[in-house]
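Student: What follows is each chain in one-letter form.
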Amino acid sequence: GQQVQQSPSSLVLQEGENAELQCNFSSTATQLQWFYQSPGGSLVSLLSNPSGTKHTGRLTSTTVTKERRSSLHISSSQTTDSGTYLCAIALMNQGGSAKLIFGEGTKLTVSS
Amino acid sequence: EAAVTQSPRNKVAVTGGKVTLSCNQTNNHNNMYWYRQDTGHGLRLIHYSYGAGSTEKGDIPDGYKASRPSQENFSLILELATPSQTSVYFCASGGGCGEQYFGPGTRLTVL
Numbered sequence: 001g002q003q004v005q006q007s008p009s010s011l012v013l014q015e016g017e018n019a020e021l022q023c024n025f026s027s028t029a030t031q032l033q034w035f036y037q038s039p040g041g042s043l044v045s046l047l048s049n050p051s052g053t054k055h056t057g058r059l060t061s062t063t064v065t066k067e068r069r070s071s072l073h074i075s076s077s078q079t080t081d082s083g084t085y086l087c088a089i090a091l092m093n094q095g096g097s098a099k100l101i102f103g104e105g106t107k108l109t110v111s112s
Numbered sequence: 001e002a003a004v005t006q007s008p009r010n011k012v013a014v015t016g017g018k019v020t021l022s023c024n025q026t027n028n029h030n031n032m033y034w035y036r037q038d039t040g041h042g043l044r045l046i047h048y049s050y051g052a053g054s055t056e057k058g059d060i061p062d063g064y065k066a067s068r069p070s071q072e073n074f075s076l077i078l079e080l081a082t083p084s085q086t087s088v089y090f091c092a093s094g095g096g097c098g099e100q101y102f103g104p105g106t107r108l109t110v111l
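Protein chains in written order, with this note's numbering: chain A, 1 to 112; chain B, 1 to 111.
This is chain A alone, in the form it adopts within the complex (with noise of 0.2 angstroms):
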């Protein structure tokens, strides 16, 4: 089955309204990232969370390892914050290389 779920799969907000993104997987994880995506665009590392929380500039992430679960807070959401965000783990291949595990994304668009 799915490795990593994400929910909403999609988000309609308000300019200024808080947004708040989750993701649930079903691996032990080394890793969890989160990406956002322009459409047409390319992933854009957001966080590297793999466990506790996290905070850059707007968005605040906390993962709970042992429940498998991930959040991605986004404060005074903005216009420019329109678009997919994605999260991911990974899983450990030979050589010290990971494997990356996506969700199918939530796309989140803000309005003004």
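There's no promise every hint is true.
[Said to hold, decoys possible] Distance ranges between label pairs, derived from CB positions:
#, chain 1, residue 1, chain 2, residue 2, range
1, A, R69, B, P69, 39 to 45 angstroms
2, A, G57, B, P8, 29 to 35 angstroms
3, A, L91, B, G40, 19 to 25 angstroms
4, A, S111, B, A3, 29 to 35 angstroms
5, B, A52, A, T53, 36 to 42 angstroms
6, A, S75, B, D62, 41 to 47 angstroms
7, B, G95, A, S76, 31 to 37 angstroms
8, A, S76, B, G40, 31 to 37 angstroms
9, B, T86, A, V44, 20 to 26 angstroms
10, B, P8, A, V64, 39 to 45 angstroms
11, A, E15, B, I60, 38 to 44 angstroms
12, B, I60, A, T53, 34 to 40 angstroms
Treat the hints as calculated values from the structure; they're not laboratory data. Small disclaimer: the values here were computed from a predicted structure and weren't measured. For every residue, glycine included, the Cβ atom is placed at its ideal position computed from N, Cα and C.
Fit chain B to the known structure of chain A by using the hints.
Tutor: Chain B only, in chain A's frame:
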């Protein structure tokens, strides 16, 4: 500034032709990866490398070869391109903690 760059950014190829996608990273990461992204399939791993001279098969390697001649460079080669290989291709680099950093992508159309 450390970065992952890809070339070309857009490519149109003919069926049966050879296509080479190039990736360069200045992150000094040992690991490099090639993915393709398609609607309905998300991101899928094609090949990866854990150092210069190494290439390993990912989840969908058929029809693709890879080459890692140096720490900085990782190429994806389509010897005989097919329309089913029309996609957006992303290269990424990563260190030993599992984090990966992606390039801007190459949009490939095979006619």
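Student: That 39 to 45 angstroms hint for P8 of chain B and V64 of chain A (C-beta), does it hold up?
Tutor: 43 angstroms, holds
Student: Could you tell me whether the CB distance from S75 of chain A to D62 of chain B stays inside 41 to 47 angstroms?
Tutor: 45 angstroms, holds
Student: Assuming the hint says 29 to 35 angstroms, is it satisfied by the Cβ distance from S111 of chain A to A3 of chain B or not?
Tutor: For A3 of chain B against S111 of chain A, whose Cβ atoms are near 32 angstroms apart, the range 29 to 35 angstroms holds.
Student: Is 39 to 45 angstroms right for how far apart the beta carbons of R69 of chain A and P69 of chain B are?
Tutor: Holds, since R69 of chain A and P69 of chain B (Cβ atoms, about 41 angstroms apart) stay within the stated range.
Student: So the hint says 36 to 42 angstroms: do the beta-carbon atoms of A52 of chain B and T53 of chain A match that?
Tutor: 37 angstroms, holds
Student: May I ask you to test the hint 29 to 35 angstroms on the CB atoms belonging to G57 of chain A and P8 of chain B?
Tutor: Holds, at about 33 angstroms.
Student: Could you check the hint for me, namely that L91 of chain A and G40 of chain B are 19 to 25 angstroms apart, CB to CB?
Tutor: The hint (19 to 25 angstroms, Cβ to Cβ) holds, given that L91 of chain A and G40 of chain B are roughly 23 angstroms apart.
Student: Determine whether the Cβ-Cβ distance between E15 of chain A and I60 of chain B falls within the hinted range of 38 to 44 angstroms.
Tutor: 40 angstroms, holds
Student: For the range 20 to 26 angstroms, tell me whether the beta carbons of T86 of chain B and V44 of chain A fit it or not.
Tutor: 24 angstroms, holds
Student: Could one say that the CB atoms of S76 of chain A and G40 of chain B fall in the range 31 to 37 angstroms?
Tutor: Hint holds: Cβ distance 33 angstroms, inside 31 to 37 angstroms.
Student: Indicate whether the distance between the beta carbons of G95 of chain B and S76 of chain A respects the range 31 to 37 angstroms.
Tutor: Once the Cβ atoms are compared, 32 angstroms apart, the range 31 to 37 angstroms for S76 of chain A and G95 of chain B holds.
Student: Is it true that I60 of chain B and T53 of chain A lie within 34 to 40 angstroms of each other by Cβ?
Tutor: Roughly 35 angstroms apart at Cβ, these two residues keep to the hinted range, so it holds.
Of the numbered hints given earlier, the model fails none.
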